[in-house]
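Go ahead and model the full structure; you've got the sequences and the hints to work with.
The letter at position 301 of the sequence shown is residue 954 when you use the numbering used here, and the numbering goes up by one with no holes.
Note that these hints are calculated values from the structure, not bench results.
Treat the hints with care, as some may be off.
Dumping the calculated BS3-like pairs for lysine-lysine here, alpha-carbon to alpha-carbon at most 30 Å [claimed, not checked]:
{"no.": "1", "residue 1": "Lys834", "residue 2": "Lys944"}
{"no.": "2", "residue 1": "Lys770", "residue 2": "Lys792"}
{"no.": "3", "residue 1": "Lys742", "residue 2": "Lys686"}
{"no.": "4", "residue 1": "Lys742", "residue 2": "Lys779"}
{"no.": "5", "residue 1": "Lys747", "residue 2": "Lys834"}
{"no.": "6", "residue 1": "Lys728", "residue 2": "Lys792"}
{"no.": "7", "residue 1": "Lys916", "residue 2": "Lys742"}
{"no.": "8", "residue 1": "Lys686", "residue 2": "Lys793"}
{"no.": "9", "residue 1": "Lys958", "residue 2": "Lys770"}
{"no.": "10", "residue 1": "Lys944", "residue 2": "Lys666"}
{"no.": "11", "residue 1": "Lys686", "residue 2": "Lys974"}
{"no.": "12", "residue 1": "Lys974", "residue 2": "Lys958"}
{"no.": "13", "residue 1": "Lys686", "residue 2": "Lys944"}
{"no.": "14", "residue 1": "Lys728", "residue 2": "Lys958"}
{"no.": "15", "residue 1": "Lys916", "residue 2": "Lys779"}
{"no.": "16", "residue 1": "Lys728", "residue 2": "Lys834"}
{"no.": "17", "residue 1": "Lys957", "residue 2": "Lys944"}
{"no.": "18", "residue 1": "Lys957", "residue 2": "Lys770"}
If you anchor each label on the Cβ, the simulated ranges turn out as follows [as the list claims (entries may be wrong)]:
{"no.": "19", "residue 1": "Ser968", "residue 2": "Asp669", "range": "36 to 46 Å"}
{"no.": "20", "residue 1": "Ala954", "residue 2": "Ser774", "range": "30 to 40 Å"}
{"no.": "21", "residue 1": "Ile701", "residue 2": "Asp669", "range": "19 to 29 Å"}
{"no.": "22", "residue 1": "Pro937", "residue 2": "Asp820", "range": "36 to 46 Å"}
We put the CB at the ideal spot given by N, CA and C, even for glycine.
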Amino acid sequence: MVVASPNLSKTEKIRDIEIPIIDLLADRSEVSKLIVQACEEFGFFKVINHGIPHDVITRMEQQGYEFFAKPESVKQQAGPANPYGYGSKNIGLKGDIGEVEYLILQTNPLSIDHKSKTISSTDPNKFSSAVRRYVEAVKKLACEILDLMAAGLGALDPSVLSRLIRDVESDSLLRLNHYPKADDGATPPSSIGFGEHTDPQILTLLRSNGVDGLQISLDDGVWVPVNPHPVSAFCINVGDMLQVMTNGRFLSVRHRAMLNSYKSRMSMAYFAAPTLDARISSLPLLLTPQKPPLYRSFTWAEYKKAAYSLRLGDSRLNHFKARPDADENST
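Here it is as structure tokens:
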């Protein structure tokens, strides 16, 4: 069903589509097939029975709540987010803004410990412990999902994707986003919290506090709300690097966050990324004379630099095509 919303532009519509929910305790070969199918059709899916302990999640959520509840002057001491730390309203360096405040953390253990001192002056060890346990758990889950993807794609080496994020020096990030209530007088319902974009990394693992607001775009001008049910699930979405490595077979889905509820929303996003010097290219097993590489080879550092130089909604992948007429949909 497609319905127009009076709070959206005339060219935008909302479509109700069932987002795939994948049980990781099901038969492994079947799970691999379902993940590949979801990445091809949606670039997005949810996982349940993921194995991350409930207390690891709730402790991280509690630390996020406590931080965002602090006075603005105290939160500002953890900023600016350049690139790590606290930020509000301004997203990136190119003029994008949204109704959001956020905290960006590098996932290196030493960086977590160092940054925790500016985030929680009263008990930095408690904050650091919660972050480290959470990052360890979601990184493990990300590796498992990438291994399942590789198996579903027919890779002989099951770690061909996950090994890119296993390195302790990986450029992975943890981002906590806090969106205000839409009825607080300052922000009308359906205001944009975080504008339309794709994630530049390999894979994103997202948790929210059971409040709706996330939407994905499968067609131009058509948005699909992501229902927060089940609340135990993690949302998984394909990033730009994974689209490149699968030669366009997997979709780096465009998404955004809206202030369309009467509760504040907090999300925790783990962005799985390789090391800065990692070279990214299409997997040989997905290349044929009929399907040559859509993208040229590049390092993650090169792509990251380009991503930071563009606006939030700009298409970064277009700058890395192997040839100008390369069609990402031809696969």
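Status of each hint after checking the structure:
1. Lys834 / Lys944: violated (47 Å)
2. Lys770 / Lys792: Holds: Lys770 and Lys792 sit about 23 Å apart, inside 30 Å.
3. Lys742 / Lys686: violated (40 Å)
4. Lys742 / Lys779: OK: Lys742 and Lys779 at ~27 Å, within 30 Å.
5. Lys747 / Lys834: holds (26 Å)
6. Lys728 / Lys792: Satisfied, since the Cα-Cα distance of roughly 27 Å is no more than 30 Å.
7. Lys916 / Lys742: holds (18 Å)
8. Lys686 / Lys793: It holds: about 20 Å lies between the C-alpha atoms, which stays within 30 Å.
9. Lys958 / Lys770: holds (28 Å)
10. Lys944 / Lys666: violated (33 Å)
11. Lys686 / Lys974: Since the Cα atoms of Lys686 and Lys974 sit roughly 28 Å apart, the hinted pair holds (cutoff 30 Å).
12. Lys974 / Lys958: holds (16 Å)
13. Lys686 / Lys944: At roughly 21 Å apart (the allowed maximum being 30 Å), Lys944 and Lys686 satisfy the hint.
14. Lys728 / Lys958: holds (27 Å)
15. Lys916 / Lys779: Since the Cα atoms of Lys916 and Lys779 sit roughly 27 Å apart, the hinted pair holds (cutoff 30 Å).
16. Lys728 / Lys834: Holds: Lys728 and Lys834 sit about 19 Å apart, inside 30 Å.
17. Lys957 / Lys944: holds (26 Å)
18. Lys957 / Lys770: Answer holds: Lys957 to Lys770 is near 27 Å, not above 30 Å.
19. Ser968 / Asp669: 36 to 46 Å: Taking Cβ atoms as reference, Ser968 and Asp669 lie about 27 Å apart, which means the hint is violated.
20. Ala954 / Ser774: 30 to 40 Å: holds (33 Å)
21. Ile701 / Asp669: 19 to 29 Å: Roughly 21 Å apart at Cβ, these two residues keep to the hinted range, so it holds.
22. Pro937 / Asp820: 36 to 46 Å: violated (22 Å)
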